[in-house]
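Please take these sequences and the hints and turn them into a complete structure.
Using this note's numbering, you'd call the opening residue of the sequence shown number 1 and step up by one each time.
FYI, nobody ran anything at the bench for these hints, they're computed from the structure. Misleading hints may appear alongside valid ones.
[To be verified] Restricting the straight-line Cα-Cα distance to at most 30 Å, the calculated cross-link-like pairs of lysine-lysine (DSBU-like) are:
1) 121 <-> 56
2) 56 <-> 112
3) 111 <-> 56
4) 121 <-> 111
[As the list claims (entries may be wrong)] DEER-style ranges, computed between Cβ atoms:
5) 71 <-> 129: 31 to 41 Å
6) 126 <-> 88: 46 to 56 Å
7) 87 <-> 172: 17 to 27 Å
8) 266 <-> 63: 29 to 39 Å
9) 123 <-> 82: 14 to 24 Å
10) 10 <-> 209: 18 to 28 Å
11) 104 <-> 82: 17 to 27 Å
12) 141 <-> 87: 16 to 26 Å
13) 204 <-> 89: 14 to 24 Å
C-beta atoms are modelled at their ideal positions from N, C-alpha and C, and glycine is treated no differently.
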Amino acid sequence: MDSIVIEALVRALAVGTPLLLACLGAILNERAGVVNLGVEGLMAVGALAAFAVASKSPDANLWVAVGAAMLAGAALSGLHAFATVTLRANQFVSGLALALIGTGAAGLLGKKFEGLPLFNKVPDWTLGGFTVSPFTVAALILAGLLAFWLTATRGGLTLRSVGENPAAADMLGVNVGLTRVLAVLGGGALAGLAGAFLSLSYRSSWADNMTNGLGWIAVALVIFVGWRPLRAIAGALFFGFLYYLQFRLQGNSNVPTEVFSAMPFILVLVVLALAGVRGQAGDAPAALGRAYVRGER
Numbered sequence: 001m002d003s004i005v006i007e008a009l010v011r012a013l014a015v016g017t018p019l020l021l022a023c024l025g026a027i028l029n030e031r032a033g034v035v036n037l038g039v040e041g042l043m044a045v046g047a048l049a050a051f052a053v054a055s056k057s058p059d060a061n062l063w064v065a066v067g068a069a070m071l072a073g074a075a076l077s078g079l080h081a082f083a084t085v086t087l088r089a090n091q092f093v094s095g096l097a098l099a100l101i102g103t104g105a106a107g108l109l110g111k112k113f114e115g116l117p118l119f120n121k122v123p124d125w126t127l128g129g130f131t132v133s134p135f136t137v138a139a140l141i142l143a144g145l146l147a148f149w150l151t152a153t154r155g156g157l158t159l160r161s162v163g164e165n166p167a168a169a170d171m172l173g174v175n176v177g178l179t180r181v182l183a184v185l186g187g188g189a190l191a192g193l194a195g196a197f198l199s200l201s202y203r204s205s206w207a208d209n210m211t212n213g214l215g216w217i218a219v220a221l222v223i224f225v226g227w228r229p230l231r232a233i234a235g236a237l238f239f240g241f242l243y244y245l246q247f248r249l250q251g252n253s254n255v256p257t258e259v260f261s262a263m264p265f266i267l268v269l270v271v272l273a274l275a276g277v278r279g280q281a282g283d284a285p286a287a288l289g290r291a292y293v294r295g296e297r
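Right, here's the structure in full:
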């Protein structure tokens with residue numbers, strides 16, 4: 001029994017890592033008032049960029065590959081920032097377009113990398129008898145740092161004020177547009193980091209659709225945890241455990257595999273419905289999803 005519990009925890013941590021990283025990026029976006037539904041595409045592009053750099057040679061620097069993934073995620077999210085902050089386009093439409101562009105581009109450009117070996121992967125660490133990825137440790141640390149930064153620093157307060165009342169922040173001298181652009185770029189970098197984990201640590205390979213809907217779950221997870229980084233840790237572990245459970249049940253049941261594959265997504269709908277019933281959606285930043293135009297109320 002103990003071995004089963006340990007296996008479940010390790011697997012939940014593994015699957016929960018990209019969820020946590022992508023969720024933290026989305027929280028950063030949305031605390032500044034910008035919704036980004038393109039997380040799935042950002043993760044896919046990040047995974048491809050990391051694998052493309054790491055697979056060049058046995059001597060390829062894996063941390064350069066990680067940096068490439070974050071840069072790719074930030075660069076692609078720059079399109080979303082330009083469309084929503086500069087052009088004031090609808091954030092939901094722009095995010096959906098970004099998801100399609102990212103997954104489509106990654107699938108097309110990644111065809112030549114399918115089946116190629118990864119000469120070396122990011123090595124796991126052994127901590128307290130558990131084998132964990134450095135990405136997992138980084139995700140937990142980043143959750144704590146983001147929570148502290150948002151609540152206890154001037155920069156975090158500025159970001160939150162832009163998401164709550166951009167007009168008031170503007171009157172106090174805050175550059176609302178720049179703050180939102182930087183938040184979107186930072187969120188994109190974290191989504192790219194989540195993708196790097198998939199191709200350099202979790203699967204150590206590249207395949208089309210390797211994100212497998214994790215980006216969409218991360219977007220929903222933001223609402224589930226009430227835009228709070230520390231709660232995101234528990235939420236990511238919960239959904240990571242669901243993924244582990246689906247694989248365990250598939251081999252011991254006559255139920256079609258499609259039912260188990262859909263289970264995490266069905267639960268997303270359930271928890272979001274419950275969040276709405278409990279009024280948790282009321283925790284959202286007041287200006288979330290609304291473009292800011294100086295002088296408009």
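These are the hints, each one checked on the structure:
1. 121 <-> 56: holds, 13 Å
2. 56 <-> 112: holds, 12 Å
3. 111 <-> 56: holds, 15 Å
4. 121 <-> 111: Given that 30 Å is the threshold and the Cα spacing comes to 20 Å, the pair holds.
5. 71 <-> 129: 31 to 41 Å: holds, 35 Å
6. 126 <-> 88: 46 to 56 Å: holds, 50 Å
7. 87 <-> 172: 17 to 27 Å: holds, 25 Å
8. 266 <-> 63: 29 to 39 Å: holds, 38 Å
9. 123 <-> 82: 14 to 24 Å: Distance hint for residue 123, residue 82 is violated at roughly 38 Å.
10. 10 <-> 209: 18 to 28 Å: holds, 24 Å
11. 104 <-> 82: 17 to 27 Å: Given range 17 to 27 Å: holds, Cβ gap about 19 Å.
12. 141 <-> 87: 16 to 26 Å: Distance hint for residue 141, residue 87 is violated at roughly 35 Å.
13. 204 <-> 89: 14 to 24 Å: violated, 38 Å
Violated hints for the displayed structure, listed by number in ascending order: 9, 12, 13.
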